[in-house]
Amino acid sequence: MDNDSTPSFVVQLPPPDRFEPTTVIAKLEPNQRQINLLVIVLRIQANPQKTREGHEIHSFKIADRTGSIIFNVWNTTGQLIAIGDILRLQNCITQVFKNELCVKPGRNGIVTKVGEFMMDFNEEPDVSILTASMNTELINYKDRIHSNKRPAQAMS
Amino acid sequence: MATNNIKLISPDSKLLQYTQIELKDPTDAYLESCFAAIQQNRYTIESNTLVQIGQTNKKSKDHISHALLYGILTDINNKAKCFQDLIALNGTNLSSIIGTLETLIMKNWRRIYDNVRQQLIWFLRETLAANIDGIDRLYYVFLRQINPHEQCLDLCETIIELLLIHPLFLKTYPEMKLLTIYTFLSIFPIYIRRKSQQQQRQIDFIINLTRENIHCLGRDGIRLLIQLGHVREIDAFLKHLSLNTSNDYLPKILSLETEPKYLALPLSFDLERHLQFLLDNCRINSQEKYYFEWFQSQYLNFKQHPDSIYLCSHIIRYVCVVCRNQLNPQKITRWTFISWLLTQLYNYQQTLHQTLISASQTAMNAAAFLSSSSPQLIQINEQIIQCRLAIYYDWFLFDINNLQQMTNEFDTQLNSTIVGYHLLTISYHQAKQMLLFLLYTSENLIVSLKSFLQQNIARLFMELFQRIPILNSQQLLQMFTHDRDTYQRLLITFFSLPMSTTAISPDNDDIMIINDDISPNAAMPATDDEVPSDIMIMSSNTA
Chain H
1 MDNDSTPSFV VQLPPPDRFE PTTVIAKLEP NQRQINLLVI VLRIQANPQK
51 TREGHEIHSF KIADRTGSII FNVWNTTGQL IAIGDILRLQ NCITQVFKNE
101 LCVKPGRNGI VTKVGEFMMD FNEEPDVSIL TASMNTELIN YKDRIHSNKR
151 PAQAMS
Chain E
1 MATNNIKLIS PDSKLLQYTQ IELKDPTDAY LESCFAAIQQ NRYTIESNTL
51 VQIGQTNKKS KDHISHALLY GILTDINNKA KCFQDLIALN GTNLSSIIGT
101 LETLIMKNWR RIYDNVRQQL IWFLRETLAA NIDGIDRLYY VFLRQINPHE
151 QCLDLCETII ELLLIHPLFL KTYPEMKLLT IYTFLSIFPI YIRRKSQQQQ
201 RQIDFIINLT RENIHCLGRD GIRLLIQLGH VREIDAFLKH LSLNTSNDYL
251 PKILSLETEP KYLALPLSFD LERHLQFLLD NCRINSQEKY YFEWFQSQYL
301 NFKQHPDSIY LCSHIIRYVC VVCRNQLNPQ KITRWTFISW LLTQLYNYQQ
351 TLHQTLISAS QTAMNAAAFL SSSSPQLIQI NEQIIQCRLA IYYDWFLFDI
401 NNLQQMTNEF DTQLNSTIVG YHLLTISYHQ AKQMLLFLLY TSENLIVSLK
451 SFLQQNIARL FMELFQRIPI LNSQQLLQMF THDRDTYQRL LITFFSLPMS
501 TTAISPDNDD IMIINDDISP NAAMPATDDE VPSDIMIMSS NTA
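Top line first, the protein sequences correspond to chains H and E. Residue numbers 1 to 156, in the UniProt record's numbering, belong to the letters of the first sequence in order. Residue numbers 1 to 543, in the UniProt record's numbering, belong to the letters of the second sequence in order.
Excised from the complex, chain E in its bound form (with noise of 0.2 Å):
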């Protein structure tokens, strides 16, 4: 009988860590031979000699850089004679080293070694300080690792510390500002809970970043704002956009379609190559419960990494915006992924609700003691809402007049609005949750702005109803002819003749903030069809 003789050797690297099965990578490959020829050809790491060859032979010149670089990452003792001598051979132009940094780091960033990290860093550090030619894409795939999936919460305070002793850097490339912005705008929700001395000066930092970029940020800054709006200094600063500015600051800055490659940075770059393969290869029924177990198994594991559910209104909004119908009807549709995903955020709700009554089972007041008791559920509730938001976001800021005569696949609006729509027609409870969320965020979202708010759904409703005809407002309205009031307020709001346009009078009314620690249990007025404490929008913090 044969034997299962399988000789299991792990490949031997300083620079990652590789299980027994997995291939050597071939950028780790060939820095190692690169560093290894110095020792072949009988050189030294110290010696001027590379430095000279590398200046006379160019075929040599790009080795013996690899090299350089290996004997950073790898040897402490020699990383600044390496450093000096990779500069002395190209001077500021490193672009093919920036190239092997950018692919190692993009593939391999959970497998690198600790130190290595930490070299990598230092030679951030450095290449910032001598002005390097590209070392914004060095920075861009640093800045990539700060998400809420790979979290790096070390990283953000090495990146913030960074730029706060080298503040010319983001003067001199201004998208790097931009892109820093969004990304530290994602993750502080996990960042801010962290607590550390330096933590209120980097806030202050990237707050009065924002402050002054915000316009060139487009809608979805304003969304990830409205998500920190418990946040002093951002409710602060929500506050004068809508007080203090001029009349149509806030509209101009909303009507702004955020570009893809911000909607991009808070999903990794696995992440997204695996969003993208799932959304554009994944055939119905017959892959669609591998493809969606594997994926929620890598990044929407809720029960061990609680802190995943940050990351569903990033991967909504991603699907929404960034990615495009698939015209194959075999292949799945972008709605039933974000219905699928949204129904692991219920169930993982409905898990630490239950985990709640069985602990509240012996709590004198068990409402109280559901309320008070779980910031988990307080955050899931949260999110759900933000996933809503993240569906529906481009809804309340439809604008027909920019809408182009051409098939819905080709419109950036309708591209994006025509998820939420889709989802309307998946099943019956989720559309009157998705119906009562639009009505009652529309009337909460801005204050100021509601009826301009009101009026692109309705208009949004009509276009969609033309061109997608698989549902009407009757249709839509049936679902609540128990609830007259509801049902009335729907009716008047978007699915009536739209109002002639007047001019939008702004009050002194305040950016109502969605979620907040308040009170956290504050819901819509509670009908008989619906769960009291499924939709969460707050009042606002008003002075």
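Next comes chain H alone, as it looks inside the complex (with noise of 0.2 Å):
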């Protein structure tokens, strides 16, 4: 029986977990930010390559239902990171690294494994390669960079 006057036992209830994809795979492009993906491990893309500084690259072929890319993830992520493996990426940028495009966490990434196995997928098309009207965008948008930096150059 319920009892107003009895002390009362509060419980402070763990928050819901809310995630939502902000975008798929196939709508990927270079130098996109802000990006939300949910992704499946298909297989290790690469063996680890060491940077000058000490860090491991680590880099993976992920994919959801509209496709496929490269990720690369640093260090520890990606030593943890197994085939198979379900993960939510948060807070990712987009990249042209070796002229194939890819994933990687940005300043405030998070990586998160969620589950295994249990997810479709479709390996095409592979976004990493990048088509001739992506190239030239890029080629469009490294000359608008550096014609940007000629006005600071010429006044030092």
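Quick caveat, the hints were computed from the structure, so don't treat them as lab data. Ideal Cβ positions, reconstructed from N, Cα and C, are used throughout, including at glycine. Heads up, some of the hints might be wrong.
[Stated by the list, open to error] Subject to a maximum C-alpha distance of 20 Å in a straight line, what follows is the list of computed PhoX-like cross-link-like pairs (lysine-lysine): (1) E:Lys-24 - E:Lys-81; (2) E:Lys-81 - E:Lys-61; (3) E:Lys-107 - E:Lys-252; (4) H:Lys-113 - E:Lys-24; (5) H:Lys-142 - H:Lys-98; (6) H:Lys-113 - E:Lys-61.
[What the hints assert, rightly or not] On the chain H side, residues computed to face chain E include the following (Cβ under 10 Å): (7) Leu-80; (8) Phe-117; (9) Leu-130.
Two chains, each in its own frame: build the complex with the hints.
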């Protein structure tokens, strides 16, 4: 029987887990930011590579139902990811690296493992392969960046 | 240049182990928040105030109960007090708590800390002793952790000791009794290799239960017993079944199809879910290689976990009987998956063989070395036979009178036998092996029922040729044109008009045990085409 004068027992329940992917792999283009994706790890794309500063870059092929792309991640996070893992990627960016489009965690990026195995995916199209139009856009983008820098160089 | 500056912190937990990229489990988070509320509300776990609040305030009762559960799992010193309070608060109705524990164990067994597992087992023991309602649900999730993948052989011993101490439990829950028998018969090939002082008592306990209840398990109970025919007590029991019981006792057991819930027991919860997902969703060519590779690395990594070969026959049996055909032609079929699984076993067998051959290069008598020196090779050979038996078991027991005049998808007999039929179309070599297996096993599986088994297969072939005309008898017989003897035997046994039904007169022959440690290399008569040591069907253990 409920009694209003009984001492209370208040529980602070954990907040519900809310995550919505903001985009899909098929819609990724170079130099995008604030990307949230739900993906599955298909395979290890390449052996880990060491940078001059001693960081390890791990490269994976990830996919969702719209396509696949390369995912580069550094150090411990890369060591903890295994093939078949379902990952939640938050605050990621896209970048062209070695002439391939790839995704990587941004400055405040978060990589979370949320499951294994049970996710539908399509490996094609492979969005890492830059199309001709993307290549042209990229060249134009780089030209714009360089032309913005030239007045400052002249002044110095 | 942006740095890859991700902060990695593992979720803090006393129940489960996490890596730095995993999210906290919702059940873990809920239990922890309930327990944290005790301190936040300025109570202590030792006080009786919590019970009073829970008894008078329904909203808080569930939270307090879960807080007490968390205390049982994490606080060894106070576990008894927490348990008493839990019973005082809920009586024998702990359905909400048991539901929470079911979820926690089903999803997270591997991640649970060892000390928490001990506490869970302690909780099971206490609730068994207190005769709590719904305790069978909790017992079931523990039982499902005993399988050739998870193994949990310590848990095997614990469960059996618990059952010996509380014999009333199995009498109260007869379904649990049958599930327990099936579980332990599945794990025995691995369990009996581990010698312990109590083991003989434990084996006797399970065998006694089996003797009293084999008629309830159905045909797969007999299949598991045949797999254990090299165990003295089980061999004696099988002889007793065939010699000392009435003529139709064994056929009656074999006619009873084992229910799917038993066939799922040797599979862990994760394996079952992943297997169902793979068979329901995997698309041919585009996803096959990924899903199969992941599945193998998780569950069928024979090199790192040799005991996983014991899982294969159970997976095959589950796929044949419980799973259904995909109507979508772009998705993989059950026989494609089973063919792949068999290929992995054959590859592993070949790898072991090659390893032994290289090791035997310096041996004086290489053949003797090969045959005597590798228990692993014997085990893999036995398991390949068990896998074939799992595929074709229902063929031997096909009952034409029970066939429903409906489409193939809805008849349970055809659902399981279709897989073996389609496997005959995948490759020439595989089809030959399977036909030879059918022939020799039908002659030797249960000698007193030889005609019965062979007639069933013949009728099934006729039925399948009509319903699914992708094969005919000529195509199958053509594989043996170089071996007239086998050709004639197959023709007469399976592909002639059925003999008139005569009463089956059982002989005094024993059930032929398929695997036997005495002569591991006894094989079918070799022909020019086949590999001599491919199929191993043993002679019986006659007294």
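**OP:** Sort out whether Lys-81 of chain E lies within 20 Å of Lys-24 of chain E, counting only the CA atoms.
**Re:** violated, 28 Å
Original post:
Against chain E, with CB atoms and a cut of 10 Å, does the hint on Leu-80 of chain H hold up?
Top reply: With a minimum Cβ separation of about 5 Å from chain E (threshold 10 Å), the hint on Leu-80 of chain H holds.
**OP:** Report holds or violated for the interface hint on Leu-130 of chain H, using the least CB-CB distance to chain E and a cut-off of 10 Å.
**Re:** violated, 20 Å
Subject >> Interface hint compliance - Phe-117 of chain H to chain E, C-beta minimum distance less than 10 Å >> reply: holds, 5 Å
Original post:
Are Lys-107 of chain E and Lys-252 of chain E close enough, with their CA atoms no more than 20 Å apart?
Top reply: Between Lys-107 of chain E and Lys-252 of chain E the Cα gap is close to 39 Å, so the pair fails against 20 Å, i.e. violated.
Subject >> Pairwise hint evaluation, Lys-61 of chain E against Lys-81 of chain E, where the allowed Cα distance is 20 Å at most >> reply: holds, 17 Å
Original post:
Does Lys-98 of chain H lie within 20 Å of Lys-142 of chain H when you go C-alpha to C-alpha?
Top reply: holds, 15 Å
**OP:** Sort out whether Lys-61 of chain E lies within 20 Å of Lys-113 of chain H, counting only the CA atoms.
**Re:** Between Lys-113 of chain H and Lys-61 of chain E the Cα gap is close to 34 Å, so the pair fails against 20 Å, i.e. violated.
Original post:
Are Lys-113 of chain H and Lys-24 of chain E close enough, with their CA atoms no more than 20 Å apart?
Top reply: Distance of about 10 Å is within 20 Å: holds.
Of the numbered hints listed earlier, those contradicted by the structure are 1, 3, 6 and 9.
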